[in-house]
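Student: Sequence:
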Amino acid sequence: MNDAATYGLGIAFILALWGYLGIVLQLSPGLNTAGPIVAGTITGLIVGDVQIGLYIGGSLMLMSLGMFTYGGATIPDFQTGAILGTAFGALEGSPEAGLAIAIPAAMLMTQLDVLGRATTTVFIHGADKYIEDGNWKGMTLMHLLGQLPWGLTRAIPIFLAIWLGQGPVNAFMNWSPEWFMAGMRTVGSILPALGFALLLSQLPVKKYLPFLLLGYVGFAYLNMPIIGIAIVAIALSSIYMKVKAGEQNG
Numbered sequence: 001m002n003d004a005a006t007y008g009l010g011i012a013f014i015l016a017l018w019g020y021l022g023i024v025l026q027l028s029p030g031l032n033t034a035g036p037i038v039a040g041t042i043t044g045l046i047v048g049d050v051q052i053g054l055y056i057g058g059s060l061m062l063m064s065l066g067m068f069t070y071g072g073a074t075i076p077d078f079q080t081g082a083i084l085g086t087a088f089g090a091l092e093g094s095p096e097a098g099l100a101i102a103i104p105a106a107m108l109m110t111q112l113d114v115l116g117r118a119t120t121t122v123f124i125h126g127a128d129k130y131i132e133d134g135n136w137k138g139m140t141l142m143h144l145l146g147q148l149p150w151g152l153t154r155a156i157p158i159f160l161a162i163w164l165g166q167g168p169v170n171a172f173m174n175w176s177p178e179w180f181m182a183g184m185r186t187v188g189s190i191l192p193a194l195g196f197a198l199l200l201s202q203l204p205v206k207k208y209l210p211f212l213l214l215g216y217v218g219f220a221y222l223n224m225p226i227i228g229i230a231i232v233a234i235a236l237s238s239i240y241m242k243v244k245a246g247e248q249n250g
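The opening position of the sequence shown corresponds to residue 1 in the numbering used here, with each subsequent residue numbered one higher.
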């Protein structure tokens, strides 16, 4: 990468704000914009390269399938990875270079996610105190302030990384031990399969096994693109639903 390439304060602030809003809106039902494909696309619009944004976001979306913070568990922050990967990939003009930053960034952000969750408990205890005193306005204020650790643990790293540019990021990547980077690459390769496995484990696969086999044959043996498989799946599902409806009406 070209270490001299960097963004100005304006772009760094906008992307930091986008990272802040994306993670905070995870807490709002119906307003979740933290998906990596959304994060990558919006970042692409901001930095002027939507194609790379879609590539980075789509790749990370495959890795995140089936992953969720069940029980408050920490998972890789694919939203932040998509933002940083898209921004640096656009600078280099290479989606592969962006993905090389996006995956380690998503993994490393798990530590800050734990920090954000732990810090939020300070505001929750404050809300408990206000409830004991019957101060409902204070309780509401504590809940509103509780989003600060979530947002800042994303906004600050994004701002610093984008503002300082690729040089410090590359220096950190080069400083990281080879075994660590190899582990990140391995995990990045495994995560898509793990995501699909987790997703399939929640679906009635045995009941609809013929459809799964048709999709597998279309992809593995007929080299059918994903969009083509999706169109065939929609057609087959429509036929299936009509047949089931006819059986029930009959």
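Rather than coming from a laboratory, the hints here were simulated on the basis of the structure.
These figures come from a predicted structure and were not determined experimentally.
Misleading hints may appear alongside valid ones.
In the SDA-like style, the derived pairs of lysine to any residue whose C-alpha atoms are separated by at most 20 Å in a straight line are [as the list claims (entries may be wrong)]: (1) Lys242 with Pro210; (2) Lys242 with Leu209; (3) Lys207 with Ile156; (4) Lys137 with Val122; (5) Lys242 with Gly218.
Student: Hint by hint, say whether it matches the structure.
Tutor: Evaluated hints:
1. A distance of roughly 17 Å separates the Cα atoms of Lys242 and Pro210; the hinted pair therefore holds under the 20 Å criterion.
2. The hinted pair formed by Lys242 and Leu209 meets the criterion: a straight-line CA distance of about 19 Å does not exceed 20 Å.
3. For the suggested pair Lys207 and Ile156, the alpha carbons sit about 47 Å apart, so the restraint of at most 20 Å is broken.
4. A distance of roughly 17 Å separates the Cα atoms of Lys137 and Val122; the hinted pair therefore holds under the 20 Å criterion.
5. For the hint linking Lys242 to Gly218, the alpha-carbon distance of about 23 Å lies beyond 20 Å, and the restraint is violated.
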